[in-house]
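**Q** Below, each chain spelled out in residue letters.
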Amino acid sequence: GAVVSQHPSWVICKSGTSVKIECRSLDFQATTMFWYRQFPKQSLMLMATSNEGSKATYEQGVEKDKFLINHASLTLSTLTVTSAHPEDSSFYICSARGSPGEFRNTGELFFGEGSRLTVL
Amino acid sequence: AQSVTQLGSHVSVSEGALVLLRCNYSSSVPPYLFWYVQYPNQGLQLLLKYTTGATLVKGINGFEAEFKKSETSFHLTKPSAHMSDAAEYFCAVSEITGGYNKLIFGAGTRLAVHP
Chain A
1 GAVVSQHPSW VICKSGTSVK IECRSLDFQA TTMFWYRQFP KQSLMLMATS NEGSKATYEQ
61 GVEKDKFLIN HASLTLSTLT VTSAHPEDSS FYICSARGSP GEFRNTGELF FGEGSRLTVL
Chain B
1001 AQSVTQLGSH VSVSEGALVL LRCNYSSSVP PYLFWYVQYP NQGLQLLLKY TTGATLVKGI
1061 NGFEAEFKKS ETSFHLTKPS AHMSDAAEYF CAVSEITGGY NKLIFGAGTR LAVHP
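In order, the protein sequences belong to chains A and B. Letter by letter, the first sequence follows residues 1 to 120 of the working numbering. Letter by letter, the second sequence follows residues 1001 to 1115 of the working numbering.
Don't read these hints as lab results, they were simulated from the structure. All C-beta atoms in this analysis are idealised placements derived from N, C-alpha and C, irrespective of residue type, glycine included. Be aware that a few hints might be false.
[What the hints assert, rightly or not] Below are the DSBU-like pairs computed for lysine-lysine, each with C-alpha atoms no more than 30 Å apart in a straight line:
1) A:Lys20 with A:Lys41
2) A:Lys41 with B:Lys1049
3) A:Lys41 with B:Lys1068
4) B:Lys1058 with A:Lys41
[What the hints assert, rightly or not] Just a sample of chain B residues kept apart from chain A, beta carbon distances all over 12 Å, derived:
5) Leu1007
6) Val1011
7) Arg1022
8) Asn1041
9) Leu1056
10) Lys1058
11) Ser1070
12) Asp1085
13) Ala1107
Construct the complete structure from the given sequences, taking the supplied hints into account.
**A** So this is what it looks like as structure tokens:
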């Protein structure tokens, strides 16, 4: 159990276009999802925390208008990179917190496979 | 605020040798600690976690870690390295912020295993 899936795994787009990445919890309901960005050979940088039915909470320095996050259901969160530029090229990873009771108090997260964005 | 320090960004061992990846944390409250593994172009997979109870935690793929409060450490070990263990390993601590948990990751340690 506790499978998180991201789509697409790879995406290449032209500068100025927008790209949407989906994150789905396949076998559990995720009230909270997290979006991370990872630069080559570096650790994960938390971008934002997404709670179902409410606005995302962004980390300091992350542009809200650039990285739009929507968490419309308990199994789906989306990250839209708007007007993408080459510097937005990165590996984006989502994660979800598992069902309450077992995971909520420990913070364990389940991660998607990641989405590699390349902006030309 | 909590933080995680992983000593050694790169570790190289021979196949069959002991693996030791170091992790130290800072926390003002009893921490929840995790080790994740990341293979190239993939997400993170949980190896093991410490919440409460036994301080020696066993995880998948033969890995284990010991929580040492006095040393604020949570080092990851495996008695005998396998080629398939080559990957990036991240230590993380759970932080409660604004009423919810989020993970704070260390910088990661890349493990190389050579024949």
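**Q** All the hints need checking, so say for each whether the structure fits it.
**A** Hints versus structure:
no. : hint                   : verdict
1   : A:Lys20 with A:Lys41   : 24 Å, holds
2   : A:Lys41 with B:Lys1049 : 23 Å, holds
3   : A:Lys41 with B:Lys1068 : 28 Å, holds
4   : B:Lys1058 with A:Lys41 : 27 Å, holds
5   : Leu1007                : 14 Å, holds
6   : Val1011                : 14 Å, holds
7   : Arg1022                : 15 Å, holds
8   : Asn1041                : 7 Å, violated
9   : Leu1056                : 18 Å, holds
10  : Lys1058                : 16 Å, holds
11  : Ser1070                : 22 Å, holds
12  : Asp1085                : 18 Å, holds
13  : Ala1107                : 5 Å, violated
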